[in-house]
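The primary structure of each chain is shown beneath.
2 protein chains.
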Amino acid sequence: MPTPLTVVGIGNAIVDVISHAEDAFITQHKLNKGTMTLIDSDQARALYSKMGPGIEMSGGSAANTIAGLATLGGQCGFIGKVCDDELGDVFRHDITAVGVKYATPPLNEDPPTARCLIVVTPDAQRTMHTYLGASVELGPDDIDADIIGGAQITYLEGYLWDRPKAKEAFRTAATIARESGRKVALTLSDVFCVERHRDSFRELIDGHVDILFGNEDEMRALYQTETLEDAFSAVRGECGIVAITRSERGSLIMEGPTLYEVPAAPVDRIVDTTGAGDLYAAGFLHGLTRGKHLAECGRLGSLAAAEVLTHYGARPECDLNEWIAARSA
Amino acid sequence: MPTPLTVVGIGNAIVDVISHAEDAFITQHKLNKGTMTLIDSDQARALYSKMGPGIEMSGGSAANTIAGLATLGGQCGFIGKVCDDELGDVFRHDITAVGVKYATPPLNEDPPTARCLIVVTPDAQRTMHTYLGASVELGPDDIDADIIGGAQITYLEGYLWDRPKAKEAFRTAATIARESGRKVALTLSDVFCVERHRDSFRELIDGHVDILFGNEDEMRALYQTETLEDAFSAVRGECGIVAITRSERGSLIMEGPTLYEVPAAPVDRIVDTTGAGDLYAAGFLHGLTRGKHLAECGRLGSLAAAEVLTHYGARPECDLNEWIAARSA
Numbered sequence: 017m018p019t020p021l022t023v024v025g026i027g028n029a030i031v032d033v034i035s036h037a038e039d040a041f042i043t044q045h046k047l048n049k050g051t052m053t054l055i056d057s058d059q060a061r062a063l064y065s066k067m068g069p070g071i072e073m074s075g076g077s078a079a080n081t082i083a084g085l086a087t088l089g090g091q092c093g094f095i096g097k098v099c100d101d102e103l104g105d106v107f108r109h110d111i112t113a114v115g116v117k118y119a120t121p122p123l124n125e126d127p128p129t130a131r132c133l134i135v136v137t138p139d140a141q142r143t144m145h146t147y148l149g150a151s152v153e154l155g156p157d158d159i160d161a162d163i164i165g166g167a168q169i170t171y172l173e174g175y176l177w178d179r180p181k182a183k184e185a186f187r188t189a190a191t192i193a194r195e196s197g198r199k200v201a202l203t204l205s206d207v208f209c210v211e212r213h214r215d216s217f218r219e220l221i222d223g224h225v226d227i228l229f230g231n232e233d234e235m236r237a238l239y240q241t242e243t244l245e246d247a248f249s250a251v252r253g254e255c256g257i258v259a260i261t262r263s264e265r266g267s268l269i270m271e272g273p274t275l276y277e278v279p280a281a282p283v284d285r286i287v288d289t290t291g292a293g294d295l296y297a298a299g300f301l302h303g304l305t306r307g308k309h310l311a312e313c314g315r316l317g318s319l320a321a322a323e324v325l326t327h328y329g330a331r332p333e334c335d336l337n338e339w340i341a342a343r344s345a
Numbered sequence: 017m018p019t020p021l022t023v024v025g026i027g028n029a030i031v032d033v034i035s036h037a038e039d040a041f042i043t044q045h046k047l048n049k050g051t052m053t054l055i056d057s058d059q060a061r062a063l064y065s066k067m068g069p070g071i072e073m074s075g076g077s078a079a080n081t082i083a084g085l086a087t088l089g090g091q092c093g094f095i096g097k098v099c100d101d102e103l104g105d106v107f108r109h110d111i112t113a114v115g116v117k118y119a120t121p122p123l124n125e126d127p128p129t130a131r132c133l134i135v136v137t138p139d140a141q142r143t144m145h146t147y148l149g150a151s152v153e154l155g156p157d158d159i160d161a162d163i164i165g166g167a168q169i170t171y172l173e174g175y176l177w178d179r180p181k182a183k184e185a186f187r188t189a190a191t192i193a194r195e196s197g198r199k200v201a202l203t204l205s206d207v208f209c210v211e212r213h214r215d216s217f218r219e220l221i222d223g224h225v226d227i228l229f230g231n232e233d234e235m236r237a238l239y240q241t242e243t244l245e246d247a248f249s250a251v252r253g254e255c256g257i258v259a260i261t262r263s264e265r266g267s268l269i270m271e272g273p274t275l276y277e278v279p280a281a282p283v284d285r286i287v288d289t290t291g292a293g294d295l296y297a298a299g300f301l302h303g304l305t306r307g308k309h310l311a312e313c314g315r316l317g318s319l320a321a322a323e324v325l326t327h328y329g330a331r332p333e334c335d336l337n338e339w340i341a342a343r344s345a
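These protein sequence lines are chains A and B, in that order. Using our numbering, read the first sequence as starting at 17 and increasing by one per residue. Using our numbering, read the second sequence as starting at 17 and increasing by one per residue.
Source of the hints: derived by calculation from the structure; they are not laboratory data. Check before you lean on any hint, since a few could be wrong.
[Stated by the list, open to error] Label pairs and their computed distance ranges (CB to CB): (1) B/Phe208 x A/Pro180: 53 to 63 Å; (2) A/Ala342 x B/Gly115: 34 to 44 Å; (3) A/Glu219 x B/Asp56: 38 to 48 Å.
[Claimed, not checked] Listed below are the simulated DSSO-like cross-link pairs for lysine-lysine, each with C-alpha atoms no more than 30 Å apart in a straight line: (4) A/Lys183 x A/Lys117; (5) B/Lys66 x B/Lys199; (6) B/Lys199 x B/Lys46; (7) A/Lys181 x A/Lys199; (8) A/Lys46 x B/Lys117; (9) A/Lys181 x A/Lys49; (10) B/Lys308 x A/Lys117; (11) B/Lys199 x A/Lys66; (12) A/Lys49 x A/Lys66; (13) A/Lys117 x B/Lys66; (14) B/Lys183 x B/Lys199; (15) A/Lys308 x A/Lys117.
Here a beta-carbon is modelled for each residue, glycine too, at the ideal position from N, C-alpha and C.
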């Protein structure tokens, strides 16, 4: 029998195309700075033709988190759909190269593997446009009940909610996890994603999610509150642990009546914020699956996030354990 | 009538897959550190499956030089073959995004676009394994006589010599350029490439090449001499300008009896040496096409090379003119 996994992620299987540009590019093309916008294949072609030279790297929110967890030493799995094409090969190679179990069968025909066109401005903010391609073909059949039932935590990205079939897969997985006495974690992904799916997110969180990740804007959008405190009041009692990232102000972790404030880890120069939230979740879940105190989970999250802030792309470029150890003396 | 180009490059159209590894990886897989080895598609698959997570970026030696020249403001062209596939799109996008004229029609069927698997070790050395794929389908029909005849300099990479059809394209282009009273530049590419093609390289250089680029090992291998000085003696009279890069010791430029010694540009931390020689040639040719003194051409070469040493990949990540200006005060 295979070793049960610590965390299984379910999300969009995406290759990022990262390019830098001045702020004028954002203004000129009327892009929504700092957010993620869904685009179709024609829009993707049009935007790509205007972007500067790029670098391609595996991405996808939950996939980034799982890759981070695996480099920290966790036995992890990922479920997400690529096409049997060159970018699909890249995605599969990169996630399995860090030891993640990844067995979702690829599509044998169109649509192609998903790609996210990312424009990074000099302030290190990333503006993302995603063509979901093969990703949205993920369905309930791709959910392996044995894997989900055996894993300590099933980690779901909010972005999956954007397509009915993937949403169904998402719900199937959450149900299996809960029925097996396992934990379910959810990341809210993006403020517009929250706006699109507010009601069904709230329905899911109320009693079906154990660990919730998000940032301040997403939490306020979710509960339609002015302040983060009010959002905390709304979610308290519905969800066991809530971890909220606040950029350079670190994170806030709520567990029932208790709130922990965790500082951000210092970074010499922030190059690209892509994946910072994803890696925060990786560090956090790494601590949690090892029974660490929540404040320590937050500290590990801050450190893992700091690493991906120092370079382009959302996957760690060095041994995360060494990175954390060097900053924990 | 279109504006004549300053430099047209002819070379392999390649996407690099860059991954880092400890020296143990090089030893374990018996790789030839610091060199370029040609591999077939099965070997590429086998090596890729052992490599860690990668980043994909456009590459190719002459293509890197031309992309560098274009970011410096030159009106440049590139001739090289991709397949009509995803990596081919990446290559085409990246080179045209910096303003390079690139009109070589892609293959519509296999082999796929060429890729170079690059392992970067902690000492910043890169070890390259290239699957040439569609690149080797470049032939004399792809050589546009008007473009070559109109460009100030036709720049050829030695790697093209590895396949008869591409070599024929190479010779066709050199003949057109010479007959139009234009200059021909050649880069030796790699010491093993020189070993493979010593006689035909020497035949070409003797009277058909105006500007020769290489490093010390390549020059000594080409003329089978113990010292670089002896190699210079051998080439003197056969080729107008010879520019030899010497890593941290900068470069030596020979023109007839005169030798210029140019220091390397200082770099805080060398991350990856991939493309340093290619960008040296870009800076050098940028100076040359603007009528600069050879010592100044060398200085521009050193500065352009320094930029790509500071990050992964062989294409500049910032505005090279700004980079050079900031270091020329």
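**Request:** Sort out which numbered hints this structure fails and list those numbers smallest first.
**Result:** 3, 5, 6, 10, 11
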